[in-house]
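Asks: So the chains spell out like this:
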Amino acid sequence: MTTINKQVKGPAEAVADVHDGATVMIGGFGEAGSPVELIHALIDQGAKRLTVISNNTGSGEVGLAALLKAERVSKVICSFPRTANSTVFPDLYRRGKVELELVPQGTLAERIRAGGAGIPAFYTPAAVGTPLAEGKESRVLEGKEYLLEHWLRADFALIKGRCADTHGNVVYNKTARNFGPIMAMAAKVTIVQANSVVAPGGIDPEVVVTPGIFVDRVVEVPSPQHESELVAAGAVYP
Amino acid sequence: MTTINKQVKGPAEAVADVHDGATVMIGGFGEAGSPVELIHALIDQGAKRLTVISNNTGSGEVGLAALLKAERVSKVICSFPRTANSTVFPDLYRRGKVELELVPQGTLAERIRAGGAGIPAFYTPAAVGTPLAEGKESRVLEGKEYLLEHWLRADFALIKGRCADTHGNVVYNKTARNFGPIMAMAAKVTIVQANSVVAPGGIDPEVVVTPGIFVDRVVEVPSPQHESELVAAGAVYP
Amino acid sequence: MTTDTREIGWTRDEMARRVAIDIPNGAYVNLGIGIPELVARFVPQGRTLVYHTENGLLGMGPSPEKDRADPELINAGKRHVTALPGAAYFHHADSFAMIRGGHIDLSVLGAMQVACNGDLANWSTGEPDAIPAVGGAMDLVAGVKSVYVITQHCTKNNEPKLVERCTYPLTGRSVVNRIYTELAVIDVTPAGFALVELCPGVDLEYVRSRTGAPLLAR
Amino acid sequence: MTTDTREIGWTRDEMARRVAIDIPNGAYVNLGIGIPELVARFVPQGRTLVYHTENGLLGMGPSPEKDRADPELINAGKRHVTALPGAAYFHHADSFAMIRGGHIDLSVLGAMQVACNGDLANWSTGEPDAIPAVGGAMDLVAGVKSVYVITQHCTKNNEPKLVERCTYPLTGRSVVNRIYTELAVIDVTPAGFALVELCPGVDLEYVRSRTGAPLLAR
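Top line first, the protein sequences correspond to chains Z, A, H and U. Just so we're on the same page, the working numbering is the position in the first sequence counted from 1, plus 219. Just so we're on the same page, the working numbering is the position in the second sequence counted from 1, plus 219. Just so we're on the same page, the working numbering is the position in the third sequence counted from 1, plus 10. Just so we're on the same page, the working numbering is the position in the fourth sequence counted from 1, plus 10.
Because the hints were derived from the structure by calculation, they are not lab data. Keep in mind the model is a prediction, meaning the values are calculated, not measured. Check the hints yourself; a few may be wrong.
[Unchecked claim] DSS-like cross-link-like pairs, simulated, lysine-lysine; straight-line CA separation at most 27 Å:
id	chain 1	residue 1	chain 2	residue 2
1	A	LYS228	A	LYS407
2	Z	LYS294	Z	LYS316
3	A	LYS355	U	LYS155
4	Z	LYS363	A	LYS267
5	A	LYS363	A	LYS407
6	Z	LYS363	H	LYS76
7	H	LYS155	Z	LYS355
8	H	LYS155	A	LYS407
9	A	LYS267	A	LYS294
[Unchecked claim] Taking beta-carbon pairs under 7 Å as the criterion, some of the chain U residues facing chain Z (in silico):
id	residue
10	ASN35
11	GLY36
12	ALA37
13	ALA50
14	PHE52
15	THR58
16	LEU68
17	GLY71
18	PRO74
19	GLY96
20	ALA98
21	TYR99
22	ARG110
23	HIS113
24	GLY153
In this text, a Cβ means the ideal position worked out from N, Cα and C, and glycines have one as well.
Put together the whole structure using the sequences plus the hints.
Replies: Okay, here's the thing in structure tokens:
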């Protein structure tokens with residue numbers, strides 16, 4: 220009998236200790252992989268002045284967009300803060316209510332992976348010669364110019380999986396995998412919502428995508444909501 | 220009907236174009252994942268002055284040890300060139316017949332991964348303050364000292380998988396996975412021997428470990444030989 | 011059928027088809043959002059291309075029938091797609107390892123401006139109230155083996171998009187290999203823009219008049 | 011049972027058991043080759059530890075019955091092992107991301123020398139004809155949260171292994187947290203070696219006489 224059990228009762232318990240000023244990575248690319256229930260629990264919980272690291276900024280007034288709308292986020296680190304039906308972030312940004320650090324998508328992914336892998340900095344060719352290189356150290360290696368980029372780490376990561384076991388092993392659904400596995404590595408406390416939570420042995424060790432060592436809490440959300448359906452229905456959270 | 224088919228007839232055809240002086244990554248940790256049939260085909264093929272990147276140096280006088288014994292390798296880049304039943308490399312090394320670049324295992328893995336991921340250099344804390352830091356650039360980041368390490372890339376990678384499809388997607392067997400997925404990324408030509416080769420669709424896209432984009436040739440070796448069994452039987456190749 | 015109303019030059023579909031003709035069998039291809047997405051419809055008979063979408067899928071197939079769409083199976087433009095036999099899913103760091111590591115053969119992108127030295131601007135007008143958004147464009151142009159641009163030859167205001175020097179913020183320096191417009195196929199060479207092919211019925215002097223930098227004939 | 015013949019002090023098994031007592035439930039632990047491997051046998055009742063082996067397995071279990079061994083399911087010492095329920099396989103870069111990224115709670119390693127500032131030497135005697143081999147030791151000591159050393163107090167020639175300053179080539183600088191020998195449990199503190207516990211029947215002055223640097227009593 221294993222004495223490890225990372226399952227917690229529900230989203231509220233899972234995010235209860237997110238503190239004001241925390242850095243929070245939120246998985247998802249568009250709505251695929253967006254942990255809507257964890258985000259809503261975070262809105263209910265009330266933590267403020269968050270730095271959010273996520274590829275986008277949500278759509279409509281649910282999920283990540285609702286967290287922004289509630290003015291809980293002071294800074295966003297992302298690659299693409301605009302999407303269809305995305306009005307909350309543009310409005311806050313134009314009003315100076317939220318800071319933006321814009322990062323090329325591959326650099327964003329690699330900085331997060333570096334944070335998880337204990338690599339404090341690395342060189343990348345992306346953004347050389349562009350405005351996003353301003354203020355960055357550059358270096359010529361083997362005749363080509365690269366920028367020095369630093370790791371990204373977080374206090375919490377909120378991630379959506381398809382299935383998790385109570386040791387924290389996770390598998391994902393299709394392109395909802397995206398930032399989940401690397402964010403799980405880069406946060407002090409990684410929280411996964413999964414459609415199902417199973418006992419150890421319920422996931423074949425050959426197909427585990429995120430090993431349990433990277434996961435601190437798992438919470439079962441059997442029928443997660445989809446952002447596009449909520450937006451289409453005109454839903455507003457809370 | 221797909222018009223992509225990376226399957227080649229046998230190991231001999233798979234390694235036919237390895238040139239003298241080539242850099243060759245060879246998968247495996249000890250015997251697990253060692254592509255014995257591809258290595259033997261490379262011995263038959265005759266390429267010389269190879270630089271081999273592999274975690275170990277083989278055992279007995281089969282597989283990687285046999286390639287060394289045949290004096291086809293002028294340089295080895297590895298983390299642990301000694302193992303039980305390993306006499307070929309120590310003998311060549313003491314006689315000055317082979318050069319050794321010793322790399323900490325995690326740095327070796329990360330340098331290979333960096334080669335595959337287009338990251339020319341990165342900082343790591345491993346080996347700081349040790350003889351393996353000599354001659355390396357170091358840098359303090361966030362108050363801690365790190366070494367600058369450069370990517371490793373190769374002309375060829377020889378890898379062993381459990382199953383591959385004709386598009387080059389690969390899954391592995393247990394701890395035989397080890398260096399396979401990262402070496403597949405880091406070589407110009409990646410050659411995979413697999414116990415079975417199946418049609419596209421024969422591997423669930425959710426469980427693919429090495430996507431086909433990293434693989435150039437697959438060859439079916441239905442009952443691969445195990446180094447330990449060969450050594451126990453006193454086998455010598457060729 | 012197309013809703014294109016210009017009087018001369020290729021339609022968007024024809025432009026996309028012209029791009030597809032140049033892509034060899036077995037190529038790994040990333041298609042940008044917008045006109046580039048059309049290219050996938052025109053793969054010549056007897057060829058298989060493997061489409062990569064940077065949000066974690068290799069072997070992307072066409073849109074699903076509406077009742078089979080999965081909100082978690084989308085492309086970089088956030089449209090529903092499918093996965094073909096031989097596909098693979100992977101996470102974002104692995105996906106951009108494919109891009110940055112030079113494993114993708116070709117990226118087909120849209121453009122705001124392309125300079126005669128291959129500089130590309132396609133992510134921002136640099137206007138002060140614009141919401142800057144870059145996505146994966148800078149990684150793509152820095153990493154893939156070839157970059158093709160597919161674009162209208164001029165803006166809606168008839169200003170050339172092929173220019174001496176980009177005035178918009180760059181996506182990458184000296185990264186574009188070839189440009190497909192409704193008027194012509196043009197290579198970026200060390201000597202500048204060089205004509206590869208004119209659209210039937212379009213003459214070279216007309217293309218030159220719509221181009222903001224010298225255009226070499228071959 | 012043990013074949014250990016020393017007259018005083020803990021046996022190897024007892025040393026390993028003493029280490030195990032200090033490891034909390036749920037810890038992720040990497041065990042070095044040799045004596046450290048013994049630790050896995052002594053997990054206290056009611057605790058679950060998750061063993062990591064750097065060649066790509068988390069959730070490593072004990073050796074299999076001989077006829078069930080798989081030559082491709084081995085540990086870092088190349089011995090046959092098993093995978094427990096809840097295990098996961100992964101590649102080498104991911105495995106060392108766990109190590110370097112600080113995700114492994116504890117590494118238990120053997121030692122040639124440990125200095126009173128925590129320096130560790132455990133990979134090479136530095137002799138000219140030695141075949142240098144480092145494996146994952148340098149990554150482990152640089153990355154995991156805590157490093158415990160389990161070792162005989164002295165070499166076979168009765169030279170102290172706990173020293174003022176390592177004379178062998180280092181594995182890492184200031185990396186060891188705690189040392190378990192047959193005589194005592196000793197912490198590495200900012201003030202140097204500090205006694206945690208004596209083996210029953212062993213007195214402090216004897217331990218000091220076998221130690222190459224000052225040993226603080228608590």
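Asks: Checking each numbered hint in turn, tell me which of them this model violates, lowest number first.
Replies: 4, 5, 6, 12, 13, 14, 17 and 18
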